[in-house]
Amino acid sequence: MPKRGVLVAWAAVLALACVRGSERAPARELRINLETEPPTLDWNLATDGVSIIAIEQLMRGLTRLGPDLRPEPDLAERWEVSSDGRTYTFHLRPGVVWSDGVPLRAQQFVDSWQRLLAPATAAEYAYFLFGVKNARAYNAGKLADFSEVGVRAPDDATLVVELDAPAVYFPALVNFTVTFPLRRDLVQRWGDRWTDPGKLVTLGPFVLDEWRHEYRLVLRANERYWQGRPPLDRITAYMVQEGSTALVLWEQGLLDLVHIPPLEIRRYATRPEYLRCPLLRGYYYGFNTRKPPFDDARVRRAFALAIDRSQFPALLRGGELPWSSWIPPGMPHANAALGLRFDPERARALLREAGVDPARLPPVQIVYNSDPTHKLVAEKVQAFWRDNLGVRVELVNREWKVFLKELSTDAPPVFRLGWGADFPDPDNFMNLFTSYSENNHTGWANPRYDDLVQRAAREPDTEERQRLYDEAQRILCEQDVPMVPLFVVAANFAVQPRVHGFRPTAMDRYFFEQVSAE
Amino acid sequence: MIRYALGRMLAGIPVLWVVATLTFALLRFLPGGPFDKERSLPPEIMRNLERRYALDGTLGEQYVDYLVRLAHGDLGPSYKYVGRDVADILADSVPVSLALGAAAFALAVVGGIGLGLAAGARRDTAVDRAVALGSLVGVSAPSFVIGAGLILVFGLGLGWLPAGLWEGPLYAVLPACTLAALPMAYAAQLTRAQVVAVMDQDYVRTARALGVPEARVRRRHVLRNALLAVMTYFGPLLAILLTGSFVVEKIFAVPGMGRFFVTAVTNRDYPLVLGVTLVYAVLVVVANLIVDLAYAWLDPRIRVGNTER
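As given, the protein sequences belong to chains A and B, one line each in that order.
For the first sequence, our numbering gives the first residue as 1, with consecutive numbering after it.
For the second sequence, our numbering gives the first residue as 1, with consecutive numbering after it.
Think of the hints as simulated: they come from the structure by calculation, not from any bench.
There may be inaccurate statements among the hints.
To be verified - Here are some chain A residues pointing at chain B (derived, C-beta under 8 Å): (1) 91; (2) 124; (3) 396; (4) 397; (5) 461.
Claimed, not checked - Here are the in silico distance ranges between beta carbons for each label pair: (6) A/410 x B/37: 13 to 21 Å; (7) A/87 x B/29: 44 to 52 Å; (8) A/185 x B/30: 37 to 45 Å.
All C-beta atoms, glycine included, are put in the ideal place defined by N, C-alpha and C.
Given these sequences and hints, build the entire structure.
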């Protein structure tokens with residue numbers, strides 16, 4: 001008896017399904033896949049890519065990045081730098097209003113930065129503004145009076161920022177989400193809930209309509225957007241974690257824009273809906289330079305020279321580009337000529353010179369966080385070092401947080417990591433390996449390198465800046481080699497033909513204000 | 001009966017305390033904390049975060065603080081989802097898992113018992129062999145294989161059903177079938193074995209000899225007795241299905257709580273891990289109670305809480 005019930009139910013379901021199959025994709029609506037729940041829409045607190053993608057449809061900053069990734073006017077219609085390079089004056093665009101009709105005022109930037117830096121906010125990315133005068137002391141609680149921090153609004157249309165030291169990349173930095181203006185009145189009124197639908201007030205091309213947690217965000221066109229209402233009526237951003245499910249939903253016409261999972265890229269690469277975008281994201285192997293055998297720069301150079309980067313694209317197939325220096329291609333001051341190239345002869349000679357007998361060397365450990373791609377890379381590197389140097393290599397994988405803990409306490413002999421640009425300036429990459437960087441897990445310190453990176457950060461002259469970064473990269477990637485850059489990665493999309501104007505950026509950020517859907 | 005049920009519920013409280021304590025301790029043994037990320041944070045920012053989330057006290061202080069809050073029904077804030085309390089997160093996701101789990105449970109119970117009965121009553125026939133083969137596949141194939149297979153056939157091949165998302169009953173079909181596959185197969189095997197054993201019992205033979213119609217024999221004598229053993233399996237099964245499945249929710253993009261069993265741990269979102277663990281523990285306690293009560297109804301010999309004289 002129960003069997004018959006099941007059959008009836010099935011038949012009903014299938015009949016319904018057939019009726020439904022003829023549904024058409026809604027016009028002027030874009031359905032994308034965010035992949036996971038954005039941890040927050042509070043732009044002072046957001047640190048992850050998913051939150052930032054959502055926030056950037058809702059909000060705008062002082063500057064935006066142009067097609068060449070240079071900062072262009074956005075909410076600031078122009079800005080000036082003082083002759084000592086320490087004071088920036090931003091002039092706000094007139095006529096910009098929030099979605100509730102309140103005009104944009106310079107004080108809203110000051111309010112935002114104060115909240116970002118306040119110790120009680122506990123914003124992880126407060127350090128983005130540590131270059132602002134006294135910001136770090138205020139964040140650490142050593143300074144209670146915010147008026148001593150170098151940001152003020154002399155009038156509604158002017159924002160003045162004083163820096164501790166000149167930073168030529170500052171206009172690029174203020175395109176980053178954490179620096180966006182904030183409505184203090186609304187945050188005070190709603191508390192932690194101020195980003196909920198119905199409460200959140202923004203000034204970008206879209207406004208928040210619905211947020212079903214762990215499932216989807218719905219944005220709708222902002223009629224009050226200062227550049228005019230965008231062509232799309234609606235963006236529905238689903239959170240489909242499983243890449244292959246998202247791809248099937250794309251095939252079924254239920255999603256318009258998805259990332260293609262690595263294993264499927266080859267199958268899609270020849271289709272017209274396929275879109276590839278190289279990213280400012282480097283993948284590297286680091287050495288623990290405090291412990292033998294990697295306390296000897298010659299050994300590190302030898303290991304770097306034994307890696308044949310040209311094999312990674314065929315292995316990973318995600319559009320990876322082999323890259324032997326650290327500043328990624330597409331970023332100003334990148335230099336393809338730098339870095340150590342594959343040279344097994346020289347590698348072996350260097351090992352001999354360092355007095356290392358590969359046969360007697362205990363197995364070298366490569367530690368990576370558990371992930372199929374990282375495993376493939378590690379196996380490849382293991383083979384390179386075994387075949388070209390005669391060294392035994394052990395692979396160890398760790399759960400992500402365990403791996404991070406190990407990196408920050410006692411880094412493994414060899415480890416893998418990556419870095420993606422927060423703002424498109426070489427400082428964001430080169431700073432990583434200074435002796436004072438929390439992200440330098442190699443234990444390597446070179447005062448000359450630190451000095452070059454600091455000087456380049458304040459150098460306004462492009463040619464001189466190039467020279468400084470080239471020298472710093474030579475120290476990092478050719479001479480001392482605390483790390484080996486392997487390749488830069490790309491993003492791979494499947495886009496429905498009905499979608500027009502989707503142009504992803506190398507920063508792995510997307511703007512849908514120009515996108516339309518038939 | 002009511003007094004018995006209430007007593008059992010009260011006895012669950014120490015169980016929950018043990019679960020909360022063990023989970024708290026195990027989480028803190030795990031290396032890596034909630035704010036360890038690819039981008040390391042400056043020390044002053046780390047201190048601000050630890051202060052905000054009251055992680056700056058000793059472990060003992062944090063434990064006492066946690067228990068006190070728990071006793072007041074406060075599960076605390078999530079570390080990962082800024083500004084959301086664990087209670088909010090559970091309120092959003094538990095109903096989804098309950099709906100999907102209930103559908104899968106119904107499918108597993110009805111389908112499993114039906115198939116098991118059909119196979120056991122027709123021992124060594126084609127029906128029996130087909131059920132044996134089907135249940136073998138159901139028991140041994142992991143849910144991501146079954147889920148992928150269903151997506152391939154009904155989603156991509158035939159195009160009848162959406163391969164994911166959660167927009168209505170139609171969207172629940174594939175995930176519910178995937179979730180039900182294993183328990184249905186297991187229940188079918190269990191029921192078949194019991195039916196076969198019961199069919200050989202004297203009372204079944206006696207009933208038949210007395211001329212009781214076969215359908216009535218099967219319903220009153222065979223099924224009812226065979227179900228006793230199968231019931232014990234349904235208690236924990238109900239709890240497992242209702243709390244959602246990480247794999248099934250991930251494959252079909254269902255916004256339930258199953259995902260948090262894994263993601264909350266990988267994020268070291270301590271309050272969320274404790275929250276989902278407690279929900280699971282409560283459901284296990286309740287489901288076991290329901291099974292015990294059903295047991296008593298099925299078998300008059302096991303009348304529990306027999307206090308009235």
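Hints violated by the structure (listed by number, smallest first): 1, 3, 4, 5
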